[in-house]
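S.K.: Residue numbers (the working numbering), protein chains in the order written: chain R, 1 to 351; chain L, 1 to 351.
Same chains, same label: a pair holds when it works inside one copy or across any pair of copies.
With a straight-line cut-off of 20 angstroms between C-alpha atoms, the simulated EDC-like cross-links for lysine to aspartate or glutamate are:
#1 K263 <-> D207
#2 K72 <-> E105
#3 K193 <-> E256
#4 K263 <-> D240
#5 K72 <-> E96
Honestly, the hints are just simulated from the structure, not real lab data.
Number of protein chains: 2
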Amino acid sequence: MNSFASVEIIGSGLIGTSIGLALSQKGVKVAMRDLDTRAESIAQDLVGSAHEGQPDLIISAVPVSGFAGVVKRVIERNFNGVFIDVASIKSKPKVEVSEYPMLSERFIPTHPMAGREVGGAESARADLFEGRAWVIDSSSASAGARIIATELITALGAQVVEMDSREHDKAVALISHMPQLVASLLAGQLQGKPESWLGLAGGGLRDTTRIAASDPGLWREIVTQNSEEILPLLKVLLNDLQSLIGNIDDEKFVEEFIVAGQKGRAAIPGKHGGKPRSYTYLPIVIDDKPGQLAAIFDECASAGVNIEDLSIEHSPGQETGLITLALNSSDAVKLSEHMKSHGWNVHSPRQ
Amino acid sequence: MNSFASVEIIGSGLIGTSIGLALSQKGVKVAMRDLDTRAESIAQDLVGSAHEGQPDLIISAVPVSGFAGVVKRVIERNFNGVFIDVASIKSKPKVEVSEYPMLSERFIPTHPMAGREVGGAESARADLFEGRAWVIDSSSASAGARIIATELITALGAQVVEMDSREHDKAVALISHMPQLVASLLAGQLQGKPESWLGLAGGGLRDTTRIAASDPGLWREIVTQNSEEILPLLKVLLNDLQSLIGNIDDEKFVEEFIVAGQKGRAAIPGKHGGKPRSYTYLPIVIDDKPGQLAAIFDECASAGVNIEDLSIEHSPGQETGLITLALNSSDAVKLSEHMKSHGWNVHSPRQ
Chain R
1 MNSFASVEII GSGLIGTSIG LALSQKGVKV AMRDLDTRAE SIAQDLVGSA
51 HEGQPDLIIS AVPVSGFAGV VKRVIERNFN GVFIDVASIK SKPKVEVSEY
101 PMLSERFIPT HPMAGREVGG AESARADLFE GRAWVIDSSS ASAGARIIAT
151 ELITALGAQV VEMDSREHDK AVALISHMPQ LVASLLAGQL QGKPESWLGL
201 AGGGLRDTTR IAASDPGLWR EIVTQNSEEI LPLLKVLLND LQSLIGNIDD
251 EKFVEEFIVA GQKGRAAIPG KHGGKPRSYT YLPIVIDDKP GQLAAIFDEC
301 ASAGVNIEDL SIEHSPGQET GLITLALNSS DAVKLSEHMK SHGWNVHSPR
351 Q
Chain L
1 MNSFASVEII GSGLIGTSIG LALSQKGVKV AMRDLDTRAE SIAQDLVGSA
51 HEGQPDLIIS AVPVSGFAGV VKRVIERNFN GVFIDVASIK SKPKVEVSEY
101 PMLSERFIPT HPMAGREVGG AESARADLFE GRAWVIDSSS ASAGARIIAT
151 ELITALGAQV VEMDSREHDK AVALISHMPQ LVASLLAGQL QGKPESWLGL
201 AGGGLRDTTR IAASDPGLWR EIVTQNSEEI LPLLKVLLND LQSLIGNIDD
251 EKFVEEFIVA GQKGRAAIPG KHGGKPRSYT YLPIVIDDKP GQLAAIFDEC
301 ASAGVNIEDL SIEHSPGQET GLITLALNSS DAVKLSEHMK SHGWNVHSPR
351 Q
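So that you can see chain R by itself, here it is in the shape it has in the complex (with noise of 0.2 angstroms):
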């Protein structure tokens, strides 16, 4: 980087560590901290060495609890330089900071927006952040601080989007607050269903609910912190509701609720939202018995082709598996050519 060479994360989850390994790749001394010792080593391990001595640039990237102790460090430390947090919620750590003048100026609130499902150090990507929007508030910023935090998510391939914290709140509310509470609130229902029933699910519950899956800890404190935007939206759902199942009978009504949803569907932006991964995929039905893996990793080895990903399905009984390599297509194409030449059951690539 032009403008640091080191950087001090707090909080080894799973955007701070994202952040580490990205930058880390990029030649910036990362050292990774978090008040959990085995976050802090995995993620540490994940980034390579730290650097010595004060910091460049100081990322929190913890829930927004825990801002209050990474400003106390902060200040405690003497550290001077720049000063990012990357919390989900804007208003309240642009609040907190305001009461001390002396980071003030250096200091930015900024929202990634890219998560998982998933998270932890363990689950950290260099590139969750390719082709993702990323909010900053620069307006209490000084202009030195805005060139690093420019730079930080230029170079993690984000783009960087002006929006004041209050209004972030309420955009948050609305395209990540309440389609998780809305997948809560589906996946909920599911709870003590037979499971005869649950065995019939296909891919449109299985998306529905993907993201209920997700940190309650995080979440509990997501959505309080930020139920003052959220409450209004969720009224206005509750009215919604209520009104289809006053008129589920209505063939019109249903018709009409339908598209309402199709359009607003619709009315989500195509590219913004970032760079999907593209991959091919590699179906390949193989014995389910042990050693068939690494056999199949052995002649990936030989093939010379790197898989970016892999799933595996078979069911209890089953004497076959399937197991989908996700690969780059031209990657696909030769290593599918090369295990049929060695007797492997692989089926058509697709993208």
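Position chain L against the provided structure of chain R, taking the given hints into account.
M.R.: Quick look at chain L alone, frame taken from chain R:
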């Protein structure tokens, strides 16, 4: 096929045409029918030439509202083959056919649990049903009819799931119709909101609203036809939403609300209806180079442990990767010790 050589499929949409494609690939002669002559002709082109004379098997692949017309055709033409329907609601077709004693013995209500958010003959795929559950209610059918239905479903790669029609309708209200309505409800909230807010949308909103893009005409029918089973579920949802609104600032309540969703989500079985299993997860940081995965599996083989699942996390260009193995808890401990003693960078297992 052993028990049938010719099929007439009435309804040339996604499901009907996908069945036709899969059967014609297996040498069965398939006649595609549709009130929409364009759909019929595309579908027939896709499946190849039709048979002459009486079909051995008649498949109704029209929406529930069109089923009476199909029954009329079967009777008028004196079709004497086995008669199967594949619509998404099962009680109503069963009741309709029960009025025709000459039909009921050779009629089987069925429902393949497969679909796409795009419809029409053009979207048909022969592999649409592979690995999917296919519900059948053979309680009123003859043994001969049951054999043909089973052969059909098995030939298409799906798994036969016997379930009473009424129970099926309750199950799909929960696992298919509720997700649709909830996705539409949420997506409907996005209408008219600032583009700058929607531009921040990430995968959570996209996944949660994906099926809101579904066909309003199709869903108008499914929802109104199955409203009796959907309504009680919507009322529970309403009740839960009211509780959330009343307790949005209560940290304990919100956390429990998210936990309830997590539990519901976890109750969805793995693919093929397999029981969800609880694994111990073992994170291993590796150099991201060919051969590392195979080496890990060699270690697993020499430690004598069995890997149930695994995930790979690494970013393009990153020099380390993270492999997380899923094992049973004793294997996790065994493997962890084995790999540590062989110099691998293994982190603490977690549940």
